[in-house]
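Chemist: Sequence:
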Amino acid sequence: MDQDVSSVSTGESAASTLAVRSKSDVEDSLYRKVSIEHTKYALRDENLQCVSQPVSPSVNISHPPYSRLINHVPLDGTDEYDRKWYAHFYYLQKAIQGKQEEEILDILKDISTQSAQTQIQIDIGLVYGIVTESNLSKNYLRYLMVVAESDGFKNCIICLQKIIELKFNKLLVTCRNQLLWLVREFVHCNVSGVDNLLIGLMRYITGGDSSRTTTWLAATVVKILHEHESWLLSSSTLIPFVFHTFARAVMDHAGATHTSLLKEEIELCTLLWNHRYSDVAQLGREVVRILNDGKEIPGIQALWLQLRNGNDVVSNQPRENANENRFSELMMVPTPAKYLAYRLTPKMEEQLLFMMERVQLGYITRYQRWFAMEFLSSAGSEAFVPDLIRYVCAVCRPLQNTANTKVTPRYHILGWLYLLCSKSPANLARAQFAIFFDCLYFRENENVMTIEPALLLMVKSIKSHPSLTLAMLQFLIFTVENFPSSDTSKEMMQKGVSTAFSVIIKQKIVTSLHSLQSFPLLGTAAPEIASKLCRIFPEHFTALDSSKAAKDEGEIHAVPLSTQSTDLAQYGTTVSGDSAAVKTSVSNESEVTEPSSHAQVFVRTTPETIFLSTSLTRTPSPSTSDASNSPKQSTADSTSLSSSSFLPDHSEFQRDNSFGSLNLLSSHIQIRDGDLEVPPILMSLGEDAWKRLQECISISGTYTLSSFEFSMEQILTAWIKCDNAADQAQALGTYLHQIMEKMLLCSRIGVSIKSNSTRGSAFNVFLKQLLNQSPDRYLPVLEAMYNRDASISFRLLACCCMDVREVAIDKALAPYTTFVQHLDGEVAQFCIKDLLLTQHIDDARMIARSSVGISSSEAPDTFEMTAVDFAVLQIIPYFFSNADHPFLVKIMSRCESLIEFLVGHGTPSMLLSMASWISLQKFSLFKHRMPNILLASLHWSSWEQFVLWDLILIELQAARSPSATKAFMAAARKVFMCADPDEHVETLMGLAKCLIHFTPDANILQCVFKLSDRYQEVTECILSCWMDQHAEIVKNYILVILQTMGNDPKTLSNDVSQIIIKLEALQKPRVKVNSGFQLLQDEMVVDALQRILSNENSKQNAISFPTLWRLIQSETVIESPSCPSEKKQKVTL
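Count the sequence shown with UniProt numbering and you get residues 1 to 1133, in order.
Take the hints with a grain of salt, since some may be wrong.
[As the list claims (entries may be wrong)] Label-pair distances were calculated between CB atoms; the ranges are:
id, residue 1, residue 2, range
1, Ile-681, Glu-826, 31 to 39 Å
2, Ile-847, Glu-713, 31 to 39 Å
3, Pro-538, Ala-814, 20 to 28 Å
4, Val-448, Thr-907, 46 to 54 Å
5, Gln-507, Asp-884, 40 to 48 Å
6, Thr-907, Glu-806, 24 to 32 Å
7, Gln-161, Gln-494, 54 to 62 Å
8, Asp-723, Ala-814, 27 to 35 Å
9, Glu-444, Ile-720, 49 to 57 Å
10, Thr-511, Ile-847, 28 to 36 Å
11, Arg-358, Gln-507, 20 to 28 Å
Simulated from the structure, these hints should not be mistaken for lab results.
All residues carry an ideal CB built from backbone N, CA and C; glycine is no exception.
Modelling step: build the complete structure from the supplied sequences, incorporating the hints.
Modeler: Spelled out as structure tokens, the structure:
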């Protein structure tokens, strides 16, 4: 270590120096010096060579950060935990360097006692050293046992828990080995809290994962536990986790390659079962599920038979207490959530929760695809799905504030997981068992949310996926009749399912279960199921005439299936693999194969109708992307993610007030002017005033502003003065909307609150007078009007956004936010909903004008605008021009939806106005949440994406801000990682269009060069422009990579290979037209390429890279026309 970075010398002086420092001084010095030292280690360990020529300051080469602990990948940033842990280790090294053991122990004790003042945690440094330096780990462990004894290893355990939970998958291989070695030593020393470390490690032994790393981890943990059996048997909190983990893991290790590991796992489970059954029973009913899933494996089968038959596992004799029914006892105990949650890795749990708590229905498919690619793409990963299902049902709970939003419901996730298992009958049976597991012995005192997603899935799938509902009903009936081990258990199970049905209806989660007994496919494919439902659950299902039920439900679309058996007892054939036993009907509904003796019920469906639109309120754009809108053809697998949609039926949206209230051909339209009678409760406000008001707003009459304003003011003044004004509010709002309804429907939106002669401004005048009253007066009136017409909230929002140049935005929008809060709504959500209603409002105006005999053609008017025009040209600019105001934080958090509305509803003339305002920098659309907007746009239509990228380019060109360009480059890197070149063509075109206009930095160069061959067209487009326009920057980047990572031509890094491949592809067409890149005429580039390509594989390189090979072999030197005459470079002739 160098003297200039050392602050601690020897012995007591080291401790005293640290003690007198203040907290801030120590931390600043600590991290500053650690950064220097970390850089030195990186240069030493990776043998990085300096570039022979200085790199341009504009090029910021970004390599993966160096770490002794974590295996970083490109684009990773410095890990804060790693940096802080290394800081403690660094000072530990400086303090003990060159000292004897006794002196070292004294120094460490002194530093440890003064840690409160110095902020140096020596025990953390020792843990870091043990994990990262295997050759000195025993010495560090010896020091740790002395230092950490003072706090009972509490600090060490916390540090190790963070490493396991947050960094285990990213640890270097040697560090993983050392981590397990340290845990073993802690177990050997009976360190308090080490059981939590083992629980954290067992989270990574996930089901369905037989990879090398997971198998090694399982074998290592089993070995540690076998070596310390007495310690394990004394740890009651650890035993349930151990049994659950390895009773589940045996199914993945049943092959011949893991014979010894399987034997050890079975012995461990048997040991815990025989000696600590009371601790194992803490798992509750989950014990039954995991033993049932693994009952084909001999060792687990013995435990299963003992549980079912009451025999001892060793002697196979009946137990002394024959009346004890462990099966029923366990099934009546719900499994605590902690045991189910730990079966998922921390990252799995985080992403699954995000999908159910943050992602809206229309966007869920993308997130499901990402989740499946990361966690469910390996061979055998389907076996893990039942554990995910148990988590969704029994652990995850919907948040209070998302109960009434469009956030993806749990039953939708459940349906997606169900379809992922449909290829394997065994896995599908386990998934179905996991879905209904909590229903089988359900009791009224249990949490209804554990059964809610299963029963909702069954009911909600009747219209969109009836074959799924049928399969679930068949499995439920088969399970109730065949799974119980005795008549008593069967009665208890029937009672449990019946209780689940009763509670789900009592809690109004579903209104009725009769649809399960009468949907069309049930009558054609398995009519016996309806009668079995009546027989098993008579309190919930009654005998129905099948033809009448079918008629009530609707026209039967399914054609009777061939070779369909009608007797449950006849389904004894075992179906495996991709058997052709299932015959598909003309209606695309699938025949359901009945359970075998092992309850392997499964159903295979053809692709169902996919609902991918985010909302019915969305108006089609002028152009629609083929990639985003066309469903998969018949070649697609029914279990593919693209067909695994469980969105609610469209009819459910239509029942929402937002659309029902816009029924234009209602009876009110047919009423003639002047036919509305004044309600008796409102007669006290003046019969003459009401008559004048109706006359002045009559569609057939002549609108007079003065008379309208006077009449409305007279009515409102009289109302405020009434003693029963609060009682009259609801009636007043209803009647005012009745008499103004035609005017509202037939008129455009007034653009100003100020008085003018148009009918469109009449409602603004009314609102201006009404909002002058106190909120407790005007809120009930607006609510009554809103109950009749949901567009009232948009009209209120429009009124609040008029003439507000001199008014603070929080004050201007106060009436709207107060009204939304009065309706128990959330402002951002309401605002998006109101904007989406604008197209319906405009459509309603055209239909209403036609229905009352008014010409549908409207002359342009400076005082009125259509609802869409007003939203795009007034509301959206107003929001974004005040985007930094704290009042708009929640609304701007939904700026992706605002921009989607803008590009989807704006006409070319509107978008031209927006482009003009953006170029004048009146506001910025993409200043906030640029990555979120670009990622959300991946599933927009072609028209929306083309408009989006045009606006982005205009804003970036107008701003010419380094920070804006840097933010765009960072967002572009994320989009490249998520965009699929086959599905997101518009996005890649937009990226290329924008990137070629700006100077690249090292990060974006690295990202583009490392794109795979699937992105060939877009990478060649971008790189060819950059190599022409910014040749020096690209050259410096290429030189750094070639000269630092291409030192050994035999083992070229991936970065070097990608650069050579892309240079070959770019140069080849240029040579044909005799216009090679100036960058490849540089001597340093040519020398670097020659050093890499001219090796023992030169013959192969000449074949693979013929253009570059001719370049480096050319000995002709000519003068470059674009360079001074004294500078000569090699070029290809």
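Chemist: For this structure, which hints from the list above don't hold up?
Modeler: 3 and 7
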